[in-house]
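Asker: Chain by chain, the residues run as shown.
2 protein chains.
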Amino acid sequence: MVTMRDVADRAGVSIATVSFLLNDTKPVTAATRARVEQAMAELGYRRNAVARALASRRTHIIAMAYPALEHRFGMSTAEFFTSAAEAARKEAYHLVLWPVGNDGVELRELLGQGLVDGVVLMEVQLDDPRVDVLRETGTPFALIGRTTELEGLSHVDIDFDTTVRDAVGHLYDLGHRELVLVSGDLADPRFHAYGPWVRTEDAYRRIAAEYGLPIVVMPCSDTTQAGQEAADRLIQEHPKTTAILVLNEYAALGVISGLTRLGRDVPGELSVLPLLMVPETAALSNPELTIMRTPGPELGQLGTDALIRQLEGADPLPPQLVPAKLYPGATVAAPRAPRSKGGGGRRGERKARS
Amino acid sequence: MVTMRDVADRAGVSIATVSFLLNDTKPVTAATRARVEQAMAELGYRRNAVARALASRRTHIIAMAYPALEHRFGMSTAEFFTSAAEAARKEAYHLVLWPVGNDGVELRELLGQGLVDGVVLMEVQLDDPRVDVLRETGTPFALIGRTTELEGLSHVDIDFDTTVRDAVGHLYDLGHRELVLVSGDLADPRFHAYGPWVRTEDAYRRIAAEYGLPIVVMPCSDTTQAGQEAADRLIQEHPKTTAILVLNEYAALGVISGLTRLGRDVPGELSVLPLLMVPETAALSNPELTIMRTPGPELGQLGTDALIRQLEGADPLPPQLVPAKLYPGATVAAPRAPRSKGGGGRRGERKARS
DNA sequence: CTGAAAGCGCTTACAG
DNA sequence: CTGAAAGCGCTTACAG
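As given, the protein sequences belong to chains Z and H, one line each in that order. FYI, the numbering used here numbers position 79 of the first sequence as 65, with every residue one higher than the one before it. FYI, the numbering used here numbers position 120 of the second sequence as 106, with every residue one higher than the one before it.
No wet-lab data here; the hints were simulated from the structure. This one's a predicted model, so the numbers in the text were calculated from it and none came from an experiment. Heads up, a few of these hints could be off.
Note that identical chains are pooled: a pair holds if it fits in a single copy or bridges any two copies.
Cross-link-like lysine to aspartate or glutamate pairs, in silico, EDC-like; alpha carbons within 16 Å at most [unchecked claim]:
# : residue 1 : residue 2
1 : Lys76     : Glu95
2 : Lys226    : Asp301
3 : Lys76     : Glu92
Work the whole structure out from these sequences, hints included.
Answerer: In structure tokens form, the structure reads like this:
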């Protein structure tokens, strides 16, 4: 292994000078710089990050703490991760996905070892023990998501309010007046405090009321099967519905296939608009789904930037909320004129009319 | 920060003794042990991993190198990662997902910094520049996947041969004689040397020949749309087909929805058997797909164990190949008696018979 | 079984 | 602008 000592010797300078140059922490004359850089090149020197970390107390490693066992790592998560990693790399940090349980025990363990400078927290619960651990240990962190009490926490999150408002507005403008929200299943103890579900449902109830729409919310867990069952119930219990908002990705796929199976034409008879989906998932369906696109790339980057600013002692960024944006597809259309009593009808049959 | 020095002082021993105890590297009397352990507990001591790494030249960090930009991080990858991380934790290593491009440049950069003890390589190409980098730098590593030349490389991989043999055998035993493999698209330059595709297709040609079956292979990239198009072509060009093997996950979803859309009953008229899929993806369809289940959990664990054995200087594990296993669902059945010329037929109509 | 001391490869006041 | 030296918090021969 070639060390800074070797470089310094070959360049005829002290290791301090090499270090100053490398970190750009003190001015160095052009001549010295040239000699040192040549020596580094000749020797193929690479600075040892572990030694640097010990001396400077900064590892330049950011952990994206992910509760791998509790939450499936889906397409959306992959987006957050990828964009966060890119943002970190630009600032000369390593961002890695670190699997830790969401009870805070493993996270405390990890932080105690001094391996990471900061943490980006995903899948934040409304009252998250990991946040307590991060505070207690004085670790810089940023949330992607939000806890209930937010004072002084740097965080970025989806702007659920705007997302729901835009989605409802879009459907309303098309002429829909009978909407249903297929929400998350807040009765599930694992999710009763899961921010995205709570916030979306709250926003929907408020905004539907503002629009003077009847408020129909159906709980539904995030699986294709559950989505299909929700479609069944919906057709039974709310036959006048013309548009469906679906909170969860896999549930949305199920709602669509459920409706199709029941012979309902989408979007001819019913429009379906998922509220938080990535294009990869939308593309699982053909024709492709109209969706509100999860702002994963933006949030991953903003969250990481917010953390790095803390680490660098820069002024903190204000909390950022980013809405999902309408991403056009083929599953939302204007409602048809009131349908004939015959109902049903086989798929495709009326496509020309819609 | 409480250091080993603090613990030693409080326990009235030297820091060497604390270290010996902590690492279980030299015997310590029960009395001493008790004093030190009490001191550690009282002070809430946690060993600094960075200092330890510098002194011992081992960081205990394993990087799962993942080409995030080139490959989508899907459900299967998540499985590998989760099980690998668990295996590492058991052996007191950290396994983290480290995004690096698959050309070897970023990997070389990373290895030069001395932050990781070893690497688990995913999405291995048949001729992988990252393997060269790992060899040149003398980094211990294990492959999940295989390069063409394998001498001396510790690796684990899917047993494509057994997987295909079992899949074909299963269909054959049910009575199927007209099979088609919807393969990967090896014409795509990004994948022409992608091991799983090459190996699966090779195995299929060989094994179908052994069974005396007509050999029909259709290239198809891994998207739902491509799968649907493949279904269209297949119905046109090979109308006598009774069973379809599909290599890729998303293509498989497309094949099924494509067939359904064309009015073909699955499995009444056509059985569909994906060769490498995880149950999460199978559950996106309802009824759930019959699949050959990717052995992600096994491979993640075996790959990590193989690497850790190297790191610990234990005897290397022999390369391991693990087949995907049949995972029952509702999309494979015996072929029907030769179908009437009328063809088509609406879905569900004949279910009672199949 | 235990300790004193060197050393891992850097950074960073401090001095000039 | 550059250098000598202390120090980051551990591990590990070496000696006893």
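Asker: Determine for every hint whether it applies to the structure shown.
Answerer: Hints, verified against the model:
1. Lys76 / Glu95: between (28 Å within a copy, 14 Å between copies)
2. Lys226 / Asp301: neither (53 Å within a copy, 69 Å between copies)
3. Lys76 / Glu92: between (28 Å within a copy, 13 Å between copies)
In summary, the structure is inconsistent with hint 2 from the numbered list given earlier, while agreeing with all the others.
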